[in-house]
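Student: Those protein sequence lines, which keep their order, are chains G and E.
Following this note's numbering, the numbering of the first sequence begins with 15 at its first residue and continues without gaps.
Following this note's numbering, the numbering of the second sequence begins with 79 at its first residue and continues without gaps.
Bear in mind the hints are in silico, worked out from the structure with no lab data behind them.
Heads up, the beta-carbon is just placed ideally off N, CA and C, and yes, glycines get one too.
Take the hints with a grain of salt, since some may be wrong.
If you want a taste of the chain G side facing chain E, the calculated C-beta under 7 Å gives, among others [unchecked claim]: (1) Trp34; (2) Ala36; (3) Thr37; (4) Gly203; (5) His261; (6) Phe305; (7) Met319; (8) Thr322; (9) Val326; (10) Phe390; (11) Tyr533; (12) Leu535.
These stretches of chain G come out as covered by chain E in the derived footprint (C-beta under 8 Å, 3 or more residues) [stated by the list, open to error]: (13) 111-124; (14) 212-225.
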Amino acid sequence: MSAVAAPRAESLVRNGVLSWLATTDHKRIGILYMGSTFSFFLLAGVLALAMRTQLAQANLHVIGAHAYNAVFTLHGTAMIFLVVAPFGFGLANYLIPLQIGAPDMAFPRLNAYSFWLFLFGGIVVFAGAGTVDGAAASGWTAYAPLSVLKIGFGAGQDLWIIGVMLVGISSILTSVNFLTTVFIYRAPGMTMWRIPIFTWEMVATSLLILMAFPMLTAVLMMLLVDRHLGGHFFDPSLGGSAILYQHLFWFFGHPEVYVMILPYFGVVTEIIAVFSRKPVFGYTGLVLSTFAIAGLSMGVWAHHMFTTGAVVDPFFAALSFLIAVPTGVKFFNWIGTMWKGQLTFPAPMLFTLGFLINFLIGGVTGVMLGSPPIDFQARDSYFLVAHFHYVLGGGSLFAIFAAIYFWFPKMFGFMLNDRLGKWNFWLLFAGFNVTFFPMHFLGVMGMVRRIYTYPDLPGWSTLNSIATAGAALQAVAVIVFIANVYVSSWKRIPAGDNPWDGNTLEWATTSPPPELNFYALPPIRSERPTFDRNHPELAAGSAS
Amino acid sequence: MKIGVRLLVSSMIFALVIASIYGATTHDVIGVLFLGFMAVALIVVTIFIVVAEREANLAGDRKDLSASDVAGEDLGTFSLESYWPILAAAGTVILIFGVVFAPGVSFGLLLAGAALVAWTLRFLVREST
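Use the sequences and the hints to build the structure in full.
Tutor: Take a look at the structure:
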């Protein structure tokens, strides 16, 4: 154990709400991100319940058609831009400096600026609901020329564009911060081949954001020009091209899918290694497969456009299939890590296993949809809805819960209740699959997405009722989670510095960590320095 | 660090190759431009990292170094609190609102500008002392 190099702290030393508004500490900003995303998650969940209530039976009219459009637009926008991706940023904000032995992010004030832009952007998106025409109602993709129309798509659509643009700019700035921190601020001995897999995943994610998100800003600017400055980029009736919008949007949109999943590949890798009591199997393979996925993801944007007839389907189908190879490598490595390990199954590990099962189902249906003949049949059907919810809900969302249960003790210094955590898992796992598995059948039976009601066709009402019951079960699971946080905060069972006997550097400091993170750092001689310090007989390079 | 550079260069080559294949098979200008810009962006990031590495001589790249070997080394000042980021963010939001809805441009520009100036001045004053 040795002392760290000396950073100087600059603090106004204030407590209370003001200190949170002014904070530039990466740990507090990480917690702010995660708290905000959880609030948006609750809002998105309420919207999802409204949708499922409307669809529970045929010919229901709980909410009207336009309101339904606004509800699914806000639900999708919130989950994609305000929950799944930014929770990863929050977690990375908290963990990256700790995992690489740095005192803070490279640009602390820029970090705070990014967070506030994100939060204000999210609020602006939802503020559209208070306008005369209501919130944006053109879907989370805001396809033109629908989103160019002003009748029925008024200030709410403008606020959506502004809000998402702010969130996009925030993501770009955050990525610059992550990359600079990882490349420049690693502790002595923490070479690139020793940084934890989660940090590697965030490096790849940040690069993806730098490549893809400027396109989002550009396309939204063009949309504003069309709406307010007399532009005709996307309106075919005035010489514009709706297909151009789709190209530009999906240049951003498909890499965004990987921005929403790569951080969680990192989360499950860390958790599987700890609860298997083994080092990560195939560390190098995991890193390279991440970059293969990231690279390929930049070349598959038009598989979202097969049915337009305006793209070369075989090129995009071939690249889409190829992504399954590095993803398969990851599954192989995760199984290899668990193989002959001393497995234990506390709540974080259960959520991780839930991730593996759900993501596998979503991945398999993704390969199916990568085939143009199948995509032509399933496009815009509930089969597609089931697919992406299995990837981003069953995948990312389960990993989010796994991450919360795993790192909560480090962040707050006390444990979450494991029994309630297991209830949380089983209710969510059952609820999720009851909700989304029947949607595969609904899609095959011909039910299209984004319809607010449907006729009483054979089997449709039954399957939709089952899906709605599953959604209610998921709501109960979230309530159990909130109850767990409340009960655990009340009991406050101390976590200690390293409650899971973790491998990486964040477990070598106190829980919660002090300002500037470390009083002392262990020598870093492998990718799991804390394990090496706590188990010298098994440490990398030890004689035994 | 070398591995970081290698990965970025590999990604850049991948982007160039895929852009060529895409261009040859589809003749679609939009996609070729997109993939080409991606390669250019990767070149910029790679150059940044190479320059940063040369200037920084990073302790993190040295396998056998420990924290004790650099004990006392000044890592610079890390701000723990500042009100300027939240004010700059509020100013940015008002500014963009102003661009779309007309009123508020001046106020947003003023607020964001003032916050950014104060933010930068604080940095400059601190660095000179």
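Student: Hint by hint, note whether the structure agrees.
Tutor: Consistency of the hints with the structure:
1. Using the Cβ-Cβ criterion of 7 Å, the hint placing G:Trp34 at the interface with chain E is not satisfied: the shortest such distance is roughly 10 Å.
2. Restraint check, G:Ala36 versus chain E: the minimum CB separation of about 4 Å is within 7 Å; hint holds.
3. Annotation: G:Thr37 was flagged as interfacial toward chain E, and the flag holds, the nearest CB pair being 6 Å apart, inside 7 Å.
4. With 7 Å as the threshold, the beta carbon of G:Gly203 comes within range of chain E, its nearest partner Cβ sitting at about 5 Å, so the hint holds.
5. Taking 7 Å as the C-beta contact cut-off toward chain E, the hint placing G:His261 at the interface holds, the least distance being around 5 Å.
6. Nearest Cβ of chain E to the Cβ of G:Phe305: about 6 Å, under the 7 Å cut. The hint holds.
7. Hint status for G:Met319: violated, given a least beta-carbon distance of 11 Å to chain E, over 7 Å.
8. For G:Thr322, the interface hint is violated, the least distance from its beta-carbon to any beta-carbon of chain E being 12 Å, above 7 Å.
9. Because the smallest distance between the Cβ of G:Val326 and any Cβ of chain E comes to about 4 Å, under 7 Å, the interface hint for this residue holds.
10. Because the smallest distance between the Cβ of G:Phe390 and any Cβ of chain E comes to about 19 Å, over 7 Å, the interface hint for this residue is violated.
11. Nearest Cβ of chain E to the Cβ of G:Tyr533: about 11 Å, over the 7 Å cut. The hint is violated.
12. With 7 Å as the threshold, the beta carbon of G:Leu535 comes within range of chain E, its nearest partner Cβ sitting at about 4 Å, so the hint holds.
13. For the segment 111-124 of chain G, the stated coverage by chain E is satisfied: 7 residues place a CB nearer than 8 Å to a CB of that chain, which reaches the threshold of 3.
14. Judged by the Cβ-Cβ criterion of 8 Å, the segment 212-225 of chain G is covered by chain E as claimed, because 4 of its residues qualify and three suffice.
Of the numbered hints listed earlier, those contradicted by the structure are 1, 7, 8, 10 and 11.
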